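Chemist: Residue numbers (our numbering), protein chains in the order written: chain U, 1 to 413; chain X, 414 to 826.
Worth flagging that the hints you see were computed from the coordinates, not collected in a lab. Any given hint could turn out to be false.
What the hints assert, rightly or not - Simulated crosslink set (DSSO-like; lysine-lysine; CA at most 30 Å straight-line):
(1) K822/X - K765/X
(2) K822/X - K761/X
(3) K409/U - K352/U
(4) K761/X - K409/U
(5) K348/U - K822/X
(6) K348/U - K409/U
(7) K409/U - K822/X
(8) K761/X - K348/U
Said to hold, decoys possible - Beta-carbon label-pair distances, calculated as ranges:
(9) G257/U - G502/X: 34 to 44 Å
(10) I759/X - P396/U: 17 to 27 Å
(11) A447/X - P256/U: 53 to 63 Å
(12) P396/U - K554/X: 33 to 43 Å
(13) T819/X - G189/U: 22 to 32 Å
(14) L451/X - R42/U: 46 to 56 Å
Just so you know, these numbers come straight off a predicted model, no measurement behind them. We treat Cβ as the ideally placed atom computed from N, Cα and C, and that holds for glycine.
Protein chains: 2
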Amino acid sequence: MPRQKEQSRQSQRQCGDVRLRGFSDRASLADAVAWLDLQARRGLTMEEVSVAAAQGRVLAEPLNAPADLPAIECAAVDGYALRSSETEGASDYNPLLFTLAESPDAPSHALPLAGAIMISAGSPLPAGADAVVPFDATQSKGRVLEIFAAVATGAGMERRGQHVRAGATLIEARRILRAQDVGLLASAGMDRVPVLRLPRVRLIVAGPKTFMDRPSAGDAAGPMLAELIARDGGLAEPAHPAESHRDALAQAIAAPGADVILVAGRTGTGADDEAPRALAQVGELAIHGIALRPGGSAGMGLSGVIPVILLPGDPLACLCAYELLAGRLIRSLAGRSPELPHPVQIAKVGRKIVSAIGFVDLCLVRLVDGLVEPVASVECGGLASAVRADGFLVIPAPLEGYAPGTEVKVHRY
Amino acid sequence: MPRQKEQSRQSQRQCGDVRLRGFSDRASLADAVAWLDLQARRGLTMEEVSVAAAQGRVLAEPLNAPADLPAIECAAVDGYALRSSETEGASDYNPLLFTLAESPDAPSHALPLAGAIMISAGSPLPAGADAVVPFDATQSKGRVLEIFAAVATGAGMERRGQHVRAGATLIEARRILRAQDVGLLASAGMDRVPVLRLPRVRLIVAGPKTFMDRPSAGDAAGPMLAELIARDGGLAEPAHPAESHRDALAQAIAAPGADVILVAGRTGTGADDEAPRALAQVGELAIHGIALRPGGSAGMGLSGVIPVILLPGDPLACLCAYELLAGRLIRSLAGRSPELPHPVQIAKVGRKIVSAIGFVDLCLVRLVDGLVEPVASVECGGLASAVRADGFLVIPAPLEGYAPGTEVKVHRY
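Chain U on its own, in the form it takes in the complex (with noise of 0.2 Å):
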């Protein structure tokens, strides 16, 4: 390339119109990640939800047990409840006598000395008993109960308080609620939950191309965006498509009531790639460009306080410039870790993967006898190699790639 067109490249001021150019200054992943963390720190409000409703939702503050659990002393198997000292002795060739006693209505009902009651799992013990003999460990023959073994005081029962004191943490704030949290909040008899509003995600796909019969990268990502948008926690408006040209972009762009607004499409290098335009129309364009691969026609901005994310229309550039820079930010304003939500497995490189210094290269993986081998070229098969592939690397800027051999760290799908 000759030494006066690299001069005036460079001159290009960044986030200048890239049409029919290309991009020549490229800012870094890490510039962009910054970027994303930035506008993420403006957080959420918060909301109530029922607790049928909380799992997957993310604690907006720490929960306290509004009272103990259990909540009373109660008998952790089914059996029978009695003093323990009065078991002190017994063994298999000594069984101990017991009055079997009617089942209390009331666990104010009192156990009469060297008395047994018939007790169930999760029922509050009768005063004066301290713990329970489960059946097989007795023989009872009428109104008779034989005990074969002494049992320690608070054997086969619970404690009050045992599982939370009243006031203790049950959960702690931040927690993606699981099925167990939603089941303990049940227990203990809260109804509605405080979590952080989901984010409100615009998804504007720039209308397709209109050539022939060729399926139009929009059609992929629409489905696609919202199932992603979805997965890391926020509340995809139904896609939102819009004519190309740039006045339709901006006005779909500036309208109210996102939290994120992604728009897929038209960010290259082309005559009609206007995304980046419609948004420096109605709002600022602060990066536009960045040194990854795919998905490196990607940019961001500000509408207003929104930020807008403005992935690739190519289907492949567009989950990639997802994974790595839209579902960051849902992520974070989700209130969920902004890493990467793939489970990661740690193995070795089995045949040798390249990668382009100076970029980094979501290279598609495949897991073959336990070692990553790359899946075709990315630039040869488009989605279809997501779909083949098992997971993806994340190769830094620095590197040209690994040997076979190499720990590396797989994202899984």
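Using the hints, position chain X against chain U.
Modeler: Then chain X, alone, in the frame of chain U:
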């Protein structure tokens, strides 16, 4: 325990009434799993859903590409389409000149000799062109385009069928559809997808025991199980609270319309533990009592051909029995892997873990500085232990636990 008692217990036939006696003859977890896997062989029918609703569903049959992807030769980058042979000899010091033609309205529009046509990524290549040069490797002056480097045939373009050939498998059967799969199907112009029907799961929560203000186990089981069923690919009917007496439970079990029935609560050895008898009344109680801790009072059987799983009412025991028993059946029927769905992490034990010989123990653990530590005693903490846990171990029946330093498989929540 006296010898004669031991004998009388062994003579009790399996699935006899355990009430007021205890479990004398527990099934092994392996036997219970074998029974569940046998039921899962029945399988489910398929249905068609829209591509937009297909994410997370299990593909019922392999999907083949209806056409080549891409359907025609097209540009992979923004730039200028031209004949690669005409760039031979071009270099920084020997730029070759091309005439810019108007962009074609139709791809049949032919490329003039020594001509170049501006093109956007994804657009069809004009007839005659066999490469695309990106903007940043060119310089245009009016209708004259300078090219600074020779390009190879096929550079910057995608060949017809390069991603997927017509008729080739797009996605294998039994894949749980991911965001990129949905995107690819949309790309390929598919509207509807054949997926396995979701197993309909009836959730019968046995009426809570009526003890004072102690929150009953039933309160936790409903919301907790609903989330677990959804996670495993089942379609939970709204929880079906039943009176706890035998006839009411039997009636709820016998009602038609479910593929799997879960009954939570009333499985133990207490006088009022009627769930096993209710199942035996309307169908067959195959197994009751499993060498599993917690969760050992679980059972299973058939109502007609419909599998019915009895889960303990204690919330933690219910969770454990769900994970190892009911969840396995639901995952299998949904066409998913029957194995536990949690991400697995191999880690070393930091603090001695004790387990009962003869029982499979589900041991709740935390990861502290990368080492595995048990969460209190499972018997002490109730569901709160599972809330505090990072995951769990499944300790085989022959082991009495793990010494510090042992490598174990943590199923992470």
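Chemist: Each hint: holds or not?
Modeler: Each hint tested on the structure:
1. K822/X - K765/X: With a Cα-Cα distance of about 15 Å, the restraint between K822/X and K765/X holds, given a limit of 30 Å.
2. K822/X - K761/X: 9 Å, holds
3. K409/U - K352/U: 15 Å, holds
4. K761/X - K409/U: Between K761/X and K409/U the Cα gap is close to 20 Å, so the pair holds against 30 Å.
5. K348/U - K822/X: 20 Å, holds
6. K348/U - K409/U: 9 Å, holds
7. K409/U - K822/X: 19 Å, holds
8. K761/X - K348/U: The hint holds at about 21 Å.
9. G257/U - G502/X: 34 to 44 Å: Taking Cβ atoms as reference, G257/U and G502/X lie about 57 Å apart, which means the hint is violated.
10. I759/X - P396/U: 17 to 27 Å: Distance hint for I759/X, P396/U holds at roughly 26 Å.
11. A447/X - P256/U: 53 to 63 Å: 59 Å, holds
12. P396/U - K554/X: 33 to 43 Å: Between P396/U and K554/X, where Cβ atoms are some 39 Å apart, the hint holds.
13. T819/X - G189/U: 22 to 32 Å: Check failed, 40 Å falls outside 22 to 32 Å.
14. L451/X - R42/U: 46 to 56 Å: At 55 Å between Cβs, range holds.
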